[in-house]
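Sequences and hints are given; from them, build the entire structure.
Here is what each chain is made of, one letter per residue.
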Amino acid sequence: MSTDSKNEKVRGNIEAQDQDPIAERYETVIGLEVHVQLGTRTKLFCGCENRFGAPPNTLTCPICSGHPGVLPVPNREALRLGILAALSLDCDLQEHCKFDRKHYYYPDLPKGYQISQFDLPFALNGGVRLSSGKVIGLERIHLEEDAGKNLHADGHSHVDLNRAGVPLIEIVGMPEIRSPEEAHDYLESLKRSMRYAGVSECDMEKGSLRCDANISLRQHGASEFGTKVEIKNLNSFKKVVAALQYERKRQAACLDRGEPIHQETRLFDDASQQTRVMRTKEEAMDYRFFPEPDIPPFEISTTEIEALRPLLPERHWERRARFMQEAGLGEYDSMVLTLEQETADYFEAAWKALGPSQEEAKLTANWVMTEVLRLSNEKGLPLSKLPIDPGTLASLCRLIQEGKASNQAARKVFKHMAETGDSPEKALEELGLAQISDPAELEPIVQKVIENSKKAVKDYFKGKKKALDAMKGGVMRETRGRANPGLVSEILLRLLENLREK
Amino acid sequence: MDKAELPPIEKLARLARLELDPGEKERLGTQLPRILAYFEKLSEVDTEGVEASPYAMALKDRFREDRPADPGDGMLRGQDLVEQNAPAKEDGYYLVPPVMGGEEA
Ligand SMILES: [Zn+2]
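So the protein sequences, as listed, match chains G and A.
Count along the first sequence starting at 1, add 60, and that's the number in the working numbering.
Count along the second sequence starting at 1, add 178, and that's the number in the working numbering.
Hints should not be assumed to be uniformly reliable.
[What the hints assert, rightly or not] Here are some of the chain G residues that sit facing chain A, going by a computed Cβ distance under 7 Å: (1) Thr118; (2) Ser125; (3) Ser217; (4) Cys314; (5) Pro357; (6) Ser361; (7) Thr362.
[What the hints assert, rightly or not] Distance windows between CB atoms, simulated: (8) G:Pro442 <-> A:Gly270: 57 to 67 Å; (9) G:Ala114 <-> A:Ala191: 45 to 55 Å; (10) G:Glu391 <-> A:Gly270: 31 to 41 Å; (11) A:Pro246 <-> G:Arg540: 39 to 49 Å; (12) A:Phe241 <-> G:Ala114: 20 to 30 Å; (13) A:Gly270 <-> G:Asp263: 19 to 29 Å; (14) G:Pro370 <-> A:Asp239: 15 to 25 Å; (15) G:Thr340 <-> A:Asp224: 45 to 55 Å; (16) G:Gly415 <-> A:Asp251: 32 to 42 Å.
These are calculated hints, taken from the structure and not from any lab test.
Quick reminder that beta carbons are idealized off the backbone N, C-alpha and C, glycines included.
Right under this line is the structure:
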């Protein structure tokens, strides 16, 4: 789905909420737990590759397959990326940290326990900023290993352990989200922060960002939370919103009927767009946490934190605000340009190369948001690999500014450059699209058109403004659209006035 | 735990999914009670006033660099692990009894 239609959809939902009767009766309370896979080369506790899409069980060793007698040794890069993620969300890094074992039985967890962090996570507090400026607090972020994958088929389950041991951070948010739409906004902002910090691709289709949601309703003004329900299996932002919307309606209907809400875990079913019970509170897990004896505790020093802090780029919301202020761009344009750091970088480089004014910023922004992003989509290439770099785009924009190319011609030039890699000047020449802005070249053409338009000239002298457009059109035809329109008007008027005087 | 309390060696082998020949059964049958006796010794140590610790050694900050393991280090990896260890396998996957209603994460 394109960014535009995605945002349209969210806007639509927000509007729909204004006349939402549930919101009048109950306050919705949502908290999200987000798992983000860290983009390391190797897994968290062994030297197996951390890579998506390999044939089953090819990226495994005795450590991540849970064989007895092995020694897990944590990956320093995973902690480094975790710290970057935590800094980008303004968390407090913890000096004293340790790993713990979290026990549960499932075939994709070969050891019978997951190495996670229980009472001493590496980061506490912090927050995720929504586009409204509201900040949703975080409780904690901890490091843990991913489990493998189960595939259910005819009477058996197939287990692939390639993902077992891949480093994850779990970002636990406070129950401060108040609508499914805010949940969507939270996830978008969080994803952007993670991508800006360079810690993860956050590609939900590849499972590198996953989300569980807790939702409850309560009377407005109540100080106690209602009974919460956890929803799992939410593997796209769209599903998170759909599941929360469904669950919100289901709970409101229960409360309206005076029925209690049961504390339980539910799964979202894509086909029916509904949630169904997965396990009840009575079956709630006791994870029997205890410290991982094979991994010594670790410390995060102030020196380490301060060495990493400068590596973080400007935050996406700060950059968005700056684009609005410095570049004079609208809220929507600034949002689109900062969705990806790469887009923001491309825009900013092209703008700086073109000139400092807000007018130049707007011209550049238009080109980046239309032709550049379209080209990137069509070619399936990141902006950094496009045949047209920011400097080249600036040269093209300059041709428009200087009247050497019309907007229409510039779009053709852009396509030509994308195929050939030519400079804008050369492409313009080659396509024969160079705008004629030389009065000495245009005047004889205009003169010829006037001589061939006896009726139009007569009409013009009678005061018919439309006659002028007809003659302008004539010049455009003669020049195959290359004449500078402003200059044509100017010459046409001058020659006609000369004629009137005679 | 004295020798009398030890379950039969056949039962232990089954729980550990080990196949033992008669010679191994005989040998382990005499070794296991001795191993347990070693642990008995631990309870003789006076731990009064000693704080409990999950760690055997006073180490901290043990990390590895983010480098792929050397494929020639002699460790069994990938499909070889499946081939040599899995009691049931199919198309490169470990085959296990059906798991329903679980988490599809
Ligand atoms: Zn491994």
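Now for the hints, and whether the structure bears them out:
1. Thr118: With a closest approach of 4 Å, the threonine 118 (chain G) hint holds.
2. Ser125: With Cβ-Cβ at 6 Å, under 7 Å, it holds.
3. Ser217: holds, 5 Å
4. Cys314: violated, 23 Å
5. Pro357: holds, 5 Å
6. Ser361: It is violated, given that the least Cβ distance between serine 361 (chain G) and chain A is near 10 Å, above 7 Å.
7. Thr362: Violated - the Cβ of threonine 362 (chain G) stays beyond 7 Å from chain A, reaching only about 15 Å at its closest.
8. G:Pro442 <-> A:Gly270: 57 to 67 Å: The hint (57 to 67 Å, Cβ to Cβ) is violated, given that proline 442 (chain G) and glycine 270 (chain A) are roughly 32 Å apart.
9. G:Ala114 <-> A:Ala191: 45 to 55 Å: violated, 36 Å
10. G:Glu391 <-> A:Gly270: 31 to 41 Å: Since glutamate 391 (chain G) and glycine 270 (chain A) have Cβ atoms about 50 Å apart, the given range 31 to 41 Å is violated.
11. A:Pro246 <-> G:Arg540: 39 to 49 Å: Given a distance of about 60 Å, which is not inside 39 to 49 Å, the answer is violated.
12. A:Phe241 <-> G:Ala114: 20 to 30 Å: For phenylalanine 241 (chain A) and alanine 114 (chain G) the Cβ distance comes to about 25 Å; the hint holds.
13. A:Gly270 <-> G:Asp263: 19 to 29 Å: holds, 24 Å
14. G:Pro370 <-> A:Asp239: 15 to 25 Å: Taking Cβ atoms as reference, proline 370 (chain G) and aspartate 239 (chain A) lie about 23 Å apart, which means the hint holds.
15. G:Thr340 <-> A:Asp224: 45 to 55 Å: holds, 48 Å
16. G:Gly415 <-> A:Asp251: 32 to 42 Å: Given range 32 to 42 Å: violated, Cβ gap about 58 Å.
Violated hints, listed in ascending order, are 4, 6, 7, 8, 9, 10, 11, 16; each of the other numbered hints is respected by the structure.
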